[in-house]
Structures are given as C-alpha cells and as structure tokens.
Amino acid sequence: MDSFIVISLIKVLVVFAVLMTTLAYLQWVERKVIAHIQVRPGPYRVGPHGLLQPLADVIKLITKEDLLPSYVNKPLYLMAPFISVSMALLSISVIPFGPTIQVGPYRTWMQLTDLNIGVIFILAVSSLGVYGIALAGWASNNKYALLGGLRSSAQMISYELPLSLAVAGPLLLSNTLSLRELVGTQAGGFWHWNVLRGPFPQIFSFLIFLIAAFAETNRVPFDLPEAENELVAGFHTEYSSMKFASFFMAEYANMITVSCMATLLFLGGWNAPWPAEYGSSLVPVFLFAIAGVIALYHGMNAARKRDKYTFPAFGVIFLIIAGVFLLPFVQSWLMPLFWFCAKTGTILFAFMWIRGTLPRFRYDQLMGFTWKFLFPVAMLNLLVTGFLVAWF
Amino acid sequence: MDVILFLIFAIIAVVCAINVVVQTHPISSAISLVGVMGSLAVLYLLLGAEFIAAAQVIVYAGAVMVLFVFVIMLLNAGAEVRKGRSLMVQLLGVPLLIVFLGLTAYFVRRLFPGDVTVHFGGFTGGTAQAIGRALFTTYLLPFEITSILILIAIVGAIVLARKELD
Amino acid sequence: MSAIPISWFLALSAVLFALGVAGFLFRRNIVTVFMSIELMLNAVNLSFITFSYYFKKVDGHLFAFFVMVVAAAEAAVGLAIILTVFKNRATLNIDEVDSMKN
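Chains A, B and C supply the protein sequences, listed in that same order. Positions 1 to 392 (our numbering) are the ones given, in order, by the first sequence. Positions 393 to 558 (our numbering) are the ones given, in order, by the second sequence. Positions 559 to 660 (our numbering) are the ones given, in order, by the third sequence.
No lab work stands behind these hints: they were computed from the structure. A portion of the hints provided could be inaccurate.
[Unchecked claim] Restricting the straight-line Cα-Cα distance to at most 30 Å, the calculated cross-link-like pairs of lysine-lysine (DSSO-like) are:
| # | chain 1 | residue 1 | chain 2 | residue 2 |
| --- | --- | --- | --- | --- |
| 1 | A | K305 | A | K32 |
| 2 | C | K615 | B | K555 |
| 3 | A | K305 | A | K60 |
| 4 | A | K143 | C | K645 |
| 5 | B | K555 | A | K372 |
| 6 | B | K555 | A | K64 |
| 7 | A | K64 | A | K74 |
| 8 | A | K64 | A | K143 |
| 9 | A | K60 | A | K74 |
| 10 | A | K64 | A | K32 |
| 11 | A | K32 | A | K372 |
| 12 | A | K32 | A | K74 |
| 13 | A | K143 | A | K372 |
| 14 | A | K74 | A | K143 |
| 15 | C | K659 | C | K645 |
| 16 | C | K645 | A | K372 |
| 17 | B | K555 | C | K614 |
| 18 | A | K143 | A | K60 |
[What the hints assert, rightly or not] Away from chain B, derived, C-beta distances all over 12 Å, residues of chain C:
| # | residue |
| --- | --- |
| 19 | K615 |
| 20 | V628 |
| 21 | D656 |
| 22 | S657 |
Beta carbons: idealized from backbone N, C-alpha and C, even for Gly.
My request is simple: use the sequences and hints to build the entire structure.
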C-alpha cells in the first residue's frame, strides 16, 4: 500500500514535469513550424535556434503586472483560469504512455491510473472545461469578452456531439472503455489498429474525431472565438500575465490530450506498426541517425557563424540518442514510448500544419457545419459501424 | 477512508445546495449547482455506479448546466431583489425544515438499521457493459420512448425560441 | 477500511431534496426555481443509486439514467419557455407574471 502511494506520487511528479516542459516547447515547435510554412525563420535569436524562447516567454509572463480590474466579478474572474487548467491537466491522468516499466523491484504501468471508464472520463472532464471559458467571458464584464466566451462555449458543446459519436466507433470494435485495454486490443501490427481493422475500418471516425478535436480545442480553422483581429482577444481580453498564461497552457494541454486520445483510439497507442522481430525496433535508431548526420553535414557548411558550433552539437546529441535506442535493457519501455510520442507528435504536427495553412470559419459557417453536416455524418458512421459489427 | 471521502463530498454537496437556495444572483446558484452535481458524481463512484457518475458529469454538469449558464448570461437580469417575507415564514421556516428532516432521518434509520454498509467495491454491477445490456434488453421500450421524448424537446425548444418572421 | 451505513446516503438525499423544495417555494427568480427542481431530481437520483446498491441490481442505475435524460429534455424546453416569458414580460420575477390571476 505504501509503495503504491510513493510510486504514484513519483509518477505524478514525472508526468507533471514532462508535461510542463512539453507545453512550453510545443509552443516553440508551433512557432517554428508556422514560420517555416510562411518562409521565415521564426524565433532564432534567444538561444540556438530559439530554443530558449519558451524560457524567455515564461519569464516575461511571470514578471508582467498581474492586473485585477475593479469592474470584474472577482470570484469568477479568479476561478475561470483555474477551472480551465485543472480540467485540461486532469485528463492527462488516465492516458497510458506505454506498457509496464521495471525500476528495481517495482513494476508499474506507464500510466497514472487506469479507470475502467477511461474514455468517458476524458469526455466528462473536457465538457467541464467549457465552464472555464464561459465564466471567463462573463466575469470580465466586457461585451467583447462575453461574446467571445459565449461563442466559444457554444462551439465547444456543439462539437462535443460528433466527437462522442466518433469515439463510439472504435469502442464498438474494441469492446472496452478502459484505455489500457483499448491499446491492448490493437496489438500486432498496423493492420490491427482501429483505423484499419474490423468489418468497417474507422477512417471516417478518425477524420470526424480530428475535425471535432480542432473545434474542441479552439484551433484554426475554428478559432474565431479567440481571433485577435475580430474580437479584440475574445474571452481572455481582460486577463494578463499568469492567468493569461493559464488559458494558453490549458489550450495546449487540451491539444495534447486530444492527440493522445486519437493515438489511443485509432492509431494503436504505443504498439509498433509491425512486429519487433521484423525490425521495427531499428526505426528510431535509423531516424535519429539520419537526423544526426544531416545536422553534422549542415554544421560543416554553416550559413551563420554560430551554426558552426550548434549544428554539430545537435548532430552529436542525435547520434547519442540513436545509440541509446540500441541498448537492450531500455528497449522494453523506450520503444513503446517512442512509438506513442511519434504518433502523437505527428497529429500535433498536423494541428500546426493546418494552423499555418487554412483560413478560419465564420461563426455561422462553423455552427452550420457541425449541426447540418458533421453530426449527421457521425451518426451515419456509427450506424454503419454498429450494423457491420453486429452482422459479422 | 471511504467514510472520509463520503463526509467530504457530502458536506460539499450540502454546502453547495444551501448556496443554490440562498444566493441572490442566479449565476452563483448555477455554479453551486454544478458543485452539487460534481460531488454527487463522486458519491455515485463510492456506490459502484461508475457509468452513471460519468454520465452525470457529461450530461448534467457538462450540458444541462451549461445551458442554464448560457440562459442566465444571455438574459442578464441581475440579482434578485429581496422583498420582505411574512412573519410566519421567518419564525417557522427553519424550525419546520429541521423537524421535517429529523422525522425523515428517524424513519430512514428505522428502515435501514445499519447492517448494510457501503464500501468502495461492494457493488461491481454498474459497469458500462451491465448498463448497456439492461438498457437494450429489459428497458428497450423506455429507451425508444425517451429518444422520441428528446426529439419532441428539440422541436419544442426550437419552436419556442425562434424569432417571429414578420 | 471502514464502511458507510447506507442510511447516511438516504439521509443526504433527503436533505438535498428538502433544500430543493425550500428553494422552489421561497425563491422568486424563475431560473433559480428551475434550478431547485434540478436539485430535487439529483437528490432522487442519489436515492435510486443507493437502493440499486442495497438490492445489488443494476435497475436503479437505469432509472437514474432515464431521470437524467428526462431532466435534460425538460431543461431544454423549460429554458426556452423562460426565454419567451422574458421576451414578452421583460422580467424574471414570478410574482410579476400573474396576469391570469383574478
């Protein structure tokens, strides 16, 4: 009993630390990706290739003056970012990052807790996250904030419906609500993943889930409620410094959660795309080795003077990581973790790619899209899935 | 351990319920009601009703109360103005409530003397599988009628709340 | 691990129901009255689930589920009615919506 509590506490601390760092660097990755899509360099002054930019942003946000305007509804004003962040972080607690890991005499799953209602727990927590935005809009006592807050809340609850129906598709195939068992039913190879297996491959569910996930997390093309040029800044107009940072953290944490959900539900979680005996364990070695070689090559013909030192340094780091993947005693837990992060990272990259590419919907187009198109399509998809699963 | 959890969330539920009744501005009442529903969801988990706990948060706290909060924000009618209450209500209100509660507690205690206790894990039949099986076999007719009821509610709400086309 | 006597859950349900009745009778704002109704429905749900534990059957859960669904439908229609009343009377005080009184 005691070792359970201590191990859980250690896992919570590790996950929290990794999550906070990932949130900060996710913003760096997003800025770099969007910048390169728009053919500009992005942050590259602060640290090598802007890698210390998130640190600079954190320092700036913490040291900014924390305003508490006199005309706001104080309890709700203070509670709203708290609700947003806590709901966003709570949903990470049931996500399995990999199979069991053995440290000394203790064996534990790479998951904070496994609920046998894991999938609907995440849906429940994300529907509570709507309150953070609605109350932020109301408490700010400002008509732009209220409009932005109401629009954003209406958008989020409207898109929860196709999201839930799209989630129900792979649940019919996997027959379980627990996330750990969901990954277990998709083991074996990429033809066993829920997006490709069963009497009806869940490709439509995957697409509907992704579209609804974009709207749930208020990302482009559905980010009108927080559009800077339309509604001043939407629901977080009156917020500054740490509370503003909380809303941003909540948005990125929500993004990570829905990407992890997509990976677990559709793409097989931490399972490798083909079994390990055919060489899938060499893929990360290969990838990191290529990255290291490219970095070393660019380091030799460096465009700027500083790159002569940073690029080879990164090249060496990548080659060391490639070597770490070859060690046999870390392969049991590092491989699944790599596959999970690779799949989640691909979906997060898709989020950023679309942000750099698509324009945003107008609000009536957005609502018309969900009620008149996405919801009927999701229902039809669930109907066809259920029919085919029952028949075969 | 279970007793501590029950006491914490029961006290939160009662305090939030008193808040719902006592607060003047409807939005504070709405948020307190969300607190009641959340703590009730934890109590359902203690009673082994895991699917109903999740459904309570998704449907009640996450959809119905959001609807309430929307309507309160849109109407923006402000806090309630307290008019005077009659003398009889002020004198007898709280004592009568306590007498009613005492009687209820006495009857409940007589019927369930305390041999049946609730502990976490005492009832494992509240899984999604069990509820799904019962919903689609024994309770199929209420299920279908409820879906028609929801359709009626949707049509009714749209008809009532639309703008008149003049 | 100590256990909780089942009468405590029923007592809590009674307390919440009584508070809902008090709110329903004593408040004048129509939205607060409606929220007291939802409080009463929640108290009844707790009772259903407690009895489902007592008899070790899942039927209480089903009843609570249907109560939830009906409450959601009722909330939708009721709030639409409240919006219409507000549009026509510009007040949310139920004492002032009394044109059918003698």
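Comparing the hints with the structure gives:
| no. | hint | in the structure |
| --- | --- | --- |
| 1 | A:K305 with A:K32 | holds (21 Å) |
| 2 | C:K615 with B:K555 | violated (48 Å) |
| 3 | A:K305 with A:K60 | holds (28 Å) |
| 4 | A:K143 with C:K645 | holds (21 Å) |
| 5 | B:K555 with A:K372 | holds (20 Å) |
| 6 | B:K555 with A:K64 | violated (46 Å) |
| 7 | A:K64 with A:K74 | holds (20 Å) |
| 8 | A:K64 with A:K143 | holds (25 Å) |
| 9 | A:K60 with A:K74 | holds (24 Å) |
| 10 | A:K64 with A:K32 | holds (25 Å) |
| 11 | A:K32 with A:K372 | violated (36 Å) |
| 12 | A:K32 with A:K74 | violated (37 Å) |
| 13 | A:K143 with A:K372 | holds (29 Å) |
| 14 | A:K74 with A:K143 | holds (17 Å) |
| 15 | C:K659 with C:K645 | holds (20 Å) |
| 16 | C:K645 with A:K372 | holds (28 Å) |
| 17 | B:K555 with C:K614 | violated (50 Å) |
| 18 | A:K143 with A:K60 | holds (28 Å) |
| 19 | K615 | violated (7 Å) |
| 20 | V628 | violated (7 Å) |
| 21 | D656 | holds (14 Å) |
| 22 | S657 | holds (19 Å) |
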